[in-house]
Amino acid sequence: MGIISKVHPVRSHSNAAAGGINAALNPEDSWESHAFDTVKGSDYLGDQDAIEIMCREAPNEVLHLEHLGVTFHRNEEGKLGTRAFGGASAARTYYVADITGQALLHVLYEQLMKFDTIDRYEEWFTTALVRDDSGRIAGAVTRNMRDGAFELFTAKSVILATGGNGQVFIPTTNALICTGDGIAMAYRAGAPLMDMEMVQYHPTTLAGLGLLITEGARGEGAHLYNAEGERFMEKYAPNKMELASRDVVSRAEQTEIDEGRGFPDGTVALDITVVGRKRIHEALREIVNVGRDFAGTDITREPIHIKPGNHYAMGGIKTDINGQTEVPGLYAAGECACVSVHGGNRLGANSLLDTLIFGRRAGQHAAEQGRGVSMPSPAGSELARERDAISDIVSRDRSGRRLSEIRAELGATMDGKVAVFRDEDRLREALEKVKQLQEEVKTVAVDDRGSVFNQDVLGVLELQFMLDNAECIVMGAIERKESRGAQYRTDYPERNDADWLKHITLTANGDLPEVGFSEVTMTQWEPEERTY
Amino acid sequence: MAENYTLKIRRYNPESGDTAFWHEYGVELDPERSVLDGILQAKDREDASIGIRCSCRAAICGSCAVRINGKTALACNTRISDAADRAGADAPIVVEPMNNMPVLKDLIVDMDAVHWKKVRRVVPWLLPDGPPPEREYIVPAEAMIDVTQSMACIQCGACVGACLSLEVDPEFIGPAALAKAYRFVGDPRDGQTEERLKDLAEDPHGMYDCTHCFACIEVCPKDVAPMSQIMRLRRRATGDYEIKDRNNGYGHEKGFVDIIEKWGTLHEAQLLPRSFGDGSMIKGQTEPGAVKQLVEALPTALRGLKSGKVTVKKALLHPKLPDQDQVRRIFKEIHFKDERLELNMYIVGENSDEEEPAMGEGSQET
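As given, the protein sequences belong to chains A and B, one line each in that order. Just so we're aligned, residue 2 is where the first sequence starts under this note's numbering, counting upward by one. Just so we're aligned, residue 6 is where the second sequence starts under this note's numbering, counting upward by one.
It should be emphasised that the hints constitute simulated quantities derived from the structure, not laboratory data. Just so it is clear, CB atoms sit at the ideal spot from N, CA and C, and this is done for glycine as well. A few of these clues could be false.
What the hints assert, rightly or not - Label-pair restraints from in silico Cβ distances:
#1 A:Ala150 x B:Arg125: 45 to 55 Å
#2 B:Gly196 x A:Pro528: 47 to 57 Å
#3 B:Asp134 x A:Asn61: 16 to 26 Å
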């Protein structure tokens, strides 16, 4: 077993999952309540069998992490304490200040150091998945970033845990590494993607840089105001107010901004001062720093200007409840996967949970399956192909556009035309632009011709991955002619269960993906009107 | 409102066969943007071969620690206008790789060879006694908040790059790894507290190798205050477990504190024997091991006599402070407390001043 990562594992973007992890662990709470909130949050596009599994297994997962050493917040009795989070009918979010994801990631890395029989390939960049003649997964081609050497890792199974694709949009809360590599590689290897149009815009991000202000702030009681000093969520979600689900709050903010009630910088205000300074320092320390360092605002004393910003991909590689994709031996878990537990809209503090539950299930399933199959023997031609692709880029003459220009143009296009409010015309324009950029990237020039940490050439591969992601996001958004969850079509403003209560799948097929559909699994919750 | 800045970046390409060299890049950015934004703009517009690890842009992934105008910091949370101010008028912002770690390329250093090796040294995982409970471990809320300060470490290595002790003793376990050690020592769920402390005390490159220079506290972007964590390791080792280390850290600390309690100022002539005698003046002058060390330290004492730093009179009759009673009162106050009070960033928030919300119904902000 080996773990391959293009960054040192503790640099991964799970760090940014600040607010916490949901679990119905309190005796007064129930997994059914957690599951219903998740189903409703998903706008009924989530698969209920998968959601049931996630919510049933959540309490034990949190306890397991606690036993491994995560320094979860305690209540006065010394037991695990909770905070409130959006779209939830009970306070069931367990947390470590506002560094929950970081704490989980670092504790899991501690465990990796403890069990050092697991080989780690840190700063190895995976360029392609490899299948054998039967179509089964056979391994992956990777490049050691330190010296540029290529390696073909042969494996009975490959589990992708490569995260989201937020960099397709600019601005985004996502880290620079979130370029959808795994999603694109699986797609190219023939695995269908699902619900790619479902892109979450987080309600509280900084204008310009796009950095995240955790939902924990609203969980702790912070309010949203427009420029007229009005607590506008009263109009949109009179019961849950600021803690309605994210798609609802983001749309409300965008409406306020679009209708001229925002601030001149295209924002509304998040007032955290109501939380109280001691509690802010104890529970929201990180955003005190973010406010100070990146917005010049002391959040303990004044409101901070925020707006909806790209945050999370609900869609991804289609998997079953064991993380299996439709390519035998290929698994996916976490943000790159679409089980789907998040459907049209993910609830806050469900992403770490999804990653952990289905990551574990994928690992266990792959281990069991692995016993019964022999080690595949890939042809080996992939290695040469990938190596040649790199040398081709490096030796190319400098007639093409700069990588950074194409990347910036892609990001602006997606944020401009495929964001909170969408319509057919602008989506078509976006698709056209993506296709144009896909052509231009073929001649993109690089400055770095070396082998050691050549981030430039890997940036080209990432951009190609991003363009595949972008194409599928736009295709899904064009296809889904209704408004559900994060997909809001101004030309189809209603949810349409009769025609669209189904997943959209996209499979690689030449110039444009082949569109397919798959049923949403229902167990006990029939679709209802969704109000907060 | 974009302004022009000049970044002077130290470049090094191991494949070129050339030594490191400087190159200046002009960038145009809003003053509140970061040095990392500047470097990324230089990459985007001028030379994409500049090597720097970076990812989150928000000081949480810990990738982009470099030296900016000589001071170690995360490039992403150093404002470019601040860096320009510190560089001085018409001087470029100087960006170099961190110290104390081998450079792999440009601003990229070998964290594995130094930082992570040291982290692994402190057995960086929880070692509870026995199997876990059915539910969670029941532990005081304050204890979890307490270790969360070292949990906040993002392993960026800034403190390792800035550590002066590491420059002298590359084997020193160093600030980041020792802060990580406190994360387990301070965790009531860990069952190896004494063993961990003993290990770190007895290692000659362990917790007593820190020289209190504060560099790590100054550069830490997450307020982990590694040196404070090291001091807490020491306090627990001496105060709770009376762990005696190879280089007399225990005796030195005990002797120092006792001297201050008695006289109020440092009694130079007594510090050495007390340090060698586990803090005791009598033991320091009678125990064979201590006497041997004392004899070995004679040249130092003679140098002190010669320079006038120590006189025979001062050595025999060290005066008390005029207000020594006040010093003793402080000691009494501290000894009286049941639990040790620690400064911790997660509990610095002021308690009482609950103010009116900055924005309420009908309030205006334009």
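Each hint tested on the structure:
Checked against the hint of 45 to 55 Å, the C-beta distance between alanine 150 (chain A) and arginine 125 (chain B) comes to roughly 25 Å, which is inconsistent with it. The supplied range of 47 to 57 Å is met by glycine 196 (chain B) and proline 528 (chain A), whose beta-carbon atoms lie about 51 Å from each other. Between aspartate 134 (chain B) and asparagine 61 (chain A) the C-beta distance comes to about 22 Å, which sits within the given range of 16 to 26 Å.
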